[in-house]
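Just so you know, we're using the numbering used here here: the sequence shown kicks off at 1 and counts up by one.
Note that these hints are calculated values from the structure, not bench results.
Treat the hints with care, as some may be off.
What the hints assert, rightly or not - In silico lysine to any residue, SDA-like type, Cα no more than 25 Å apart, as pairs:
#	residue 1	residue 2
1	LYS63	LEU53
2	LYS52	ARG37
3	LYS52	SER69
4	LYS63	ASP38
5	LYS52	SER39
6	LYS52	ASP74
7	LYS63	ASN40
8	LYS52	PRO30
9	LYS63	ASN49
10	LYS52	LEU68
What the hints assert, rightly or not - Taking CB as the label site, the calculated pair distances span:
#	residue 1	residue 2	range
11	LEU35	THR61	13 to 21 Å
12	SER54	GLU23	32 to 40 Å
13	ARG37	ARG67	28 to 36 Å
14	GLY46	GLU22	37 to 45 Å
15	ALA71	GLU22	45 to 53 Å
16	ASN26	PHE60	25 to 33 Å
17	PHE32	SER69	23 to 31 Å
18	GLY72	GLU24	14 to 22 Å
19	GLU70	ARG31	33 to 41 Å
20	THR55	PHE33	14 to 22 Å
21	ILE21	LEU68	18 to 26 Å
22	ASP74	ILE21	38 to 46 Å
All C-beta atoms, glycine included, are put in the ideal place defined by N, C-alpha and C.
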Amino acid sequence: MNIVMDAMRMSEGNVRECPIIEEEPNSDAPRFFDLLRDSNEPLWDGCTNHNKLSTVAYVFTIKSYHRLSEAGYD
């Protein structure tokens with residue numbers, strides 16, 4: 001949140017100069033929030049060390065480090 005406030009210079013006391021605009025979320029918002037919620041799910045019940053996001057990131061790191069092709073990754 002501080003990044004947004006810094007970008008809008010709200011931390012310098014310019015809060016009143018920045019109007020808050022209420023608008024409906026775009027059509028991609030529900031999908032994004034579903035992915036965000038899924039990313040925190042454990043891989044299996046009782047798994048506390050890893051979640052879906054950490055596992056996917058680790059596998060992509062291995063793919064990148066070893067320069068695997070798409071076929072090698074699959």
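Hint by hint, here is what the structure shows:
With a CA separation close to 15 Å, the supplied pair LYS63 and LEU53 stays within the 25 Å bound. Between LYS52 and ARG37, the direct Cα distance comes to roughly 10 Å. Compliance with the 25 Å bound is thereby established for this hinted pair. With a C-alpha separation of about 22 Å, the suggested pair LYS52 and SER69 falls inside the 25 Å cut-off, and the hint holds. Taking the CA atoms of LYS63 and ASP38, the gap is near 22 Å; set against the 25 Å cutoff, the hint holds.
Taken as a hint, the LYS52 and SER39 pair is honoured in the structure, with Cα atoms around 5 Å apart against an allowance of 25 Å. Taking the CA atoms of LYS52 and ASP74, the gap is near 17 Å; set against the 25 Å cutoff, the hint holds. For the given pair, LYS63 sits about 22 Å from ASN40 by alpha-carbon distance, which is consistent with the 25 Å threshold. Only pairs whose Cα atoms come within 25 Å are accepted, and LYS52 paired with PRO30 is accepted, the gap being roughly 19 Å.
Taken as a hint, the LYS63 and ASN49 pair is honoured in the structure, with Cα atoms around 21 Å apart against an allowance of 25 Å. A threshold of 25 Å between alpha carbons decides the hint, and for LYS52 with LEU68 the separation of about 21 Å falls inside it, so the pair holds. A hinted range of 13 to 21 Å for the beta carbons of LEU35 and THR61 is consistent with their spacing of about 19 Å. For the pair SER54 and GLU23, the beta carbons lie near 33 Å from each other, so the given range of 32 to 40 Å is met.
At about 32 Å, the CB distance of ARG37 to ARG67 agrees with the hint of 28 to 36 Å. For the hinted restraint 37 to 45 Å between GLY46 and GLU22, the CB-CB distance of approximately 42 Å keeps it satisfied. Distance hint check: the CB atoms of ALA71 and GLU22 are about 48 Å apart, consistent with the given range 45 to 53 Å. Taken as a hint, the range 25 to 33 Å holds for the pair ASN26 and PHE60, whose Cβ atoms sit roughly 27 Å apart.
Taken as a hint, the range 23 to 31 Å holds for the pair PHE32 and SER69, whose Cβ atoms sit roughly 29 Å apart. For the hinted restraint 14 to 22 Å between GLY72 and GLU24, the CB-CB distance of approximately 43 Å leaves it violated. Between GLU70 and ARG31 the beta carbons are some 23 Å apart, a value that contradicts the proposed interval 33 to 41 Å. For the pair THR55 and PHE33, the supplied restraint of 14 to 22 Å holds, since their beta-carbon distance comes to about 20 Å.
One distance hint, 18 to 26 Å for the beta-carbon pair ILE21 and LEU68, is violated here, with the actual separation near 45 Å. The hint said 38 to 46 Å for the Cβ distance between ASP74 and ILE21, and at roughly 44 Å that hint holds.
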